[in-house]
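Residue numbers (our numbering): 1 to 628.
The set of hints was computed from the structure by calculation and includes no laboratory data.
For each residue, glycine too, the CB sits at the ideal point set by N, CA and C.
Worth double-checking, as some hints may not be accurate.
Calculated cross-link-like contacts (lysine-lysine; reagent style DSS-like; alpha-carbon spacing at most 30 Å) [said to hold, decoys possible]:
{"#": "1", "residue 1": "Lys504", "residue 2": "Lys621"}
{"#": "2", "residue 1": "Lys227", "residue 2": "Lys206"}
{"#": "3", "residue 1": "Lys414", "residue 2": "Lys449"}
{"#": "4", "residue 1": "Lys166", "residue 2": "Lys108"}
{"#": "5", "residue 1": "Lys451", "residue 2": "Lys481"}
Simulated restraints, written as ranges between beta carbons of each label pair [to be verified]:
{"#": "6", "residue 1": "Tyr556", "residue 2": "Pro366", "range": "39 to 47 Å"}
{"#": "7", "residue 1": "Pro332", "residue 2": "Glu403", "range": "16 to 24 Å"}
{"#": "8", "residue 1": "Gly64", "residue 2": "Pro332", "range": "19 to 27 Å"}
{"#": "9", "residue 1": "Gly622", "residue 2": "Pro174", "range": "39 to 47 Å"}
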Amino acid sequence: MSDPIKHECGVAVLRLRKPLQYYIDKYGSPAFAAKKMYLLMQKQHNRGQDGVGVANIKLDMPPGTRYISRYRTTNQQPIEDIFGKISRKYNKAKKEGGDSFYDAQWMKDNYAFTGEVWLGHLRYGTHGKNGIESCHPFLRQNNWRSRNLVMAGNFNMTNVDELFDKLVSLGQHPKEMVDTVTVMEKIGHFLDEANQAVFNKYRGTKTNIEITDIIEQELDLQRILEKSCRDFDGGYTMTGMLGYGAAFVARDPNGIRPAYYYADDDVVVVASEKPAIKTTFECNYNEIREIPPGHALIIEKDGSYREVKFIEPRVKKSCSFERIYFSRGTDPDIYNERRKLGELLIPSVLKSVNFDLKNAVFSYIPNTAETSFLGLLRGIDNYLIAQRKDIILDQKPSADSLEELLSFRPRVEKLVLKDAKLRTFITDDAHRDDLVAHVYDTTYEVINKRKDTLVVIDDSIVRGTTLEKSILTLLDRLEPKKVVIVSSAPQIRFPDCYGIDMSKMKDFVAFRAVLALLQKHDKEYLLDEVYEKCLASTGDKNQRNFVKELYAPFTYDEVSAMITNIVRPKGMKAELEVVYQTVENLHKACPNHIGDWYFTGDYPTPGGNRVVNKAFMNFMKGSEVRAY
1 MSDPIKHECG VAVLRLRKPL QYYIDKYGSP AFAAKKMYLL MQKQHNRGQD
51 GVGVANIKLD MPPGTRYISR YRTTNQQPIE DIFGKISRKY NKAKKEGGDS
101 FYDAQWMKDN YAFTGEVWLG HLRYGTHGKN GIESCHPFLR QNNWRSRNLV
151 MAGNFNMTNV DELFDKLVSL GQHPKEMVDT VTVMEKIGHF LDEANQAVFN
201 KYRGTKTNIE ITDIIEQELD LQRILEKSCR DFDGGYTMTG MLGYGAAFVA
251 RDPNGIRPAY YYADDDVVVV ASEKPAIKTT FECNYNEIRE IPPGHALIIE
301 KDGSYREVKF IEPRVKKSCS FERIYFSRGT DPDIYNERRK LGELLIPSVL
351 KSVNFDLKNA VFSYIPNTAE TSFLGLLRGI DNYLIAQRKD IILDQKPSAD
401 SLEELLSFRP RVEKLVLKDA KLRTFITDDA HRDDLVAHVY DTTYEVINKR
451 KDTLVVIDDS IVRGTTLEKS ILTLLDRLEP KKVVIVSSAP QIRFPDCYGI
501 DMSKMKDFVA FRAVLALLQK HDKEYLLDEV YEKCLASTGD KNQRNFVKEL
551 YAPFTYDEVS AMITNIVRPK GMKAELEVVY QTVENLHKAC PNHIGDWYFT
601 GDYPTPGGNR VVNKAFMNFM KGSEVRAY
């Protein structure tokens with residue numbers, strides 16, 4: 001992606017289903033779970049590099065001993081930092097303990113991160129603070145084991161203010177108005193309530209110590225989630241551990257955020273992406289299951305697990321950006337979908353090069369666009385096969401003509417290379433832009449000057465800044481006749497409010513194109529009309545997305561043409577065209593992930609419409625604050 005955007009976080013849950021001694025005897029080390037957890041998180045490092053956290057719970061520890069461990073860090077290479085600390089604990093235990101290192105109870109009695117329940121989180125700071133206090137997992141501590149709550153998640157709520165006010169109305173005093181704290185306190189409130197209900201049920205007939213054990217057996221996590229999540233508006237995969245060893249993973253009713261799990265006799269494991277589970281546990285892909293929308297995977301203290309419905313599922317709107325860009329392309333389904341996205345662009349690309357493949361050179365912007373580029377090439381091959389077939393059948397070419405026809409191959413070159421990250425330490429804009437222009441480099445003297453058309457595919461174009469400041473300037477130095485930039489994703493027109501860092505209208509090159517079109521066609525009055533509609537609907541929980549009305553007067557191609565004008569650098573000599581994937585083709589390529597609100601404005605929750613309208617009002621007022 002030429003315009004890097006921060007996005008969803010990653011989660012990892014690992015539950016050992018048998019006593020720790022079993023794993024020591026079977027694998028020869030008490031570090032089995034720690035090693036698996038490291039690999040599970042390392043294989044999801046693409047989902048977060050601003051901070052990492054890991055928490056661990058030991059089962060059945062006696063009073064007076066620590067049973068919850070947690071590390072969080074925002075250091076560079078955070079996964080290595082945390083697991084380096086954990087590894088040093090194990091090395092120390094092996095050195096000091098001798099044979100006791102292989103005794104599960106001795107390890108649990110003396111060293112942290114030797115428990116049976118693990119929770120990990122990888123964070124991209126989509127907004128706000130990036131300090132260690134913003135890193136998951138969060139811990140809600142209590143002296144009663146069953147009231148301890150450790151939480152981490154990949155989520156974003158659109159109605160944090162409403163949830164915050166409800167907590168205050170209960171008499172609580174939350175320390176921050178952020179969704180992480182608010183969600184944890186909401187679940188924590190109903191966890192406390194459930195604990196108290198069981199305690200009241202047995203008070204007077206059992207001792208307090210006996211009731212403590214009964215609470216851990218009778219707590220209904222499904223019911224706690226039903227009560228806690230009914231007011232949530234957002235996309236979420238929430239993970240949690242309770243102090244006595246139970247765990248849960250809850251997914252939003254539209255299935256916006258991803259969650260997958262695998263279970264065998266030894267483990268239950270949950271992750272945000274399938275390949276992490278596949279690689280870590282060497283299982284088959286068909287053994288990895290998706291947690292359905294509106295459902296939770298609940299893992300009890302005894303290691304048993306079940307899927308339960310905690311909120312009524314709605315139309316599944318899984319995030320399509322996961323398939324286009326965010327998730328690792330090693331998932332076979334994602335790999336094939338990205339190739340299909342490239343293949344479906346063939347009609348538009350052929351039109352853009354005027355069907356002149358002899359004078360077209362194909363390339364891609366590294367690195368995430370590589371798979372869609374392979375699909376584009378496959379589509380060209382299929383086109384050439386069909387073309388050859390027609391010529392051979394209809395024209396009966398000579399031997400020389402046939403040889404020329406069959407030997408033709410599309411020209412492929414590596415024209416765009418990404419250099420090591422350059423730090424923009426220069427503060428003035430003019431010199432900073434010059435430095436940004438050198439983040440990418442190119443291969444010279446491989447095209448025919450003023451004759452070739454360069455076709456370069458990117459997986460998506462958000463702001464267009466990198467195109468304008470770097471890539472197009474670079475490609476123009478090669479002196480092509482024309483440059484065609486192809487996006488395997490549709491035009492990004494609307495903000496996201498479910499975990500992707502795309503919250504301001506003015507950042508979208510598609511929105512800037514519409515502003516230019518409104519001005520060009522003397523329709524700028526629509527800006528005020530839409531603003532008044534947004535303003536009038538403030539407070540309405542069931543708002544419509546009025547911002548759609550700004551795009552309505554113009555065709556898809558008109559917006560693309562104006563984007564071409566906007567990203568064209570001053571002084572560029574070559575012709576330029578920007579081609580976008582259509583929403584229809586996106587759904588053909590990714591039929592099971594139809595969440596497309598950033599492209600269409602069709603938000604899956606009421607809060608999405610409130611956010612887009614507020615984002616537009618913020619734009620009109622010149623406000624830089626987020627809309628949620």
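Structure-based check of all given hints:
Distance restraint check for Lys504 and Lys621: the Cα-Cα separation of roughly 12 Å lies within the 30 Å cut-off, and the hinted pair is therefore satisfied. As the CA atoms of Lys227 and Lys206 are separated by approximately 28 Å, the hinted pair is consistent with the 30 Å bound. Under the criterion of a C-alpha separation no larger than 30 Å, the hint pairing Lys414 with Lys449 is consistent with the structure, at around 16 Å. Proposed proximity of Lys166 and Lys108 is contradicted: the alpha carbons are some 40 Å apart, above 30 Å.
Straight-line distance between C-alpha atoms of Lys451 and Lys481 comes to about 5 Å, which keeps the hinted pair within the 30 Å bound. Range check, Tyr556 to Pro366: about 27 Å between beta-carbon atoms, so the 39 to 47 Å window is missed. As the Cβ distance of Pro332 to Glu403 is approximately 38 Å, the hint placing it in 16 to 24 Å is violated. Our hint of 19 to 27 Å for Gly64 and Pro332 is violated, since their Cβ atoms are close to 50 Å apart.
Our hint of 39 to 47 Å for Gly622 and Pro174 is violated, since their Cβ atoms are close to 31 Å apart.
When held up to the earlier numbered hints, the structure conflicts with 4, 6, 7, 8 and 9 and fits the remainder.
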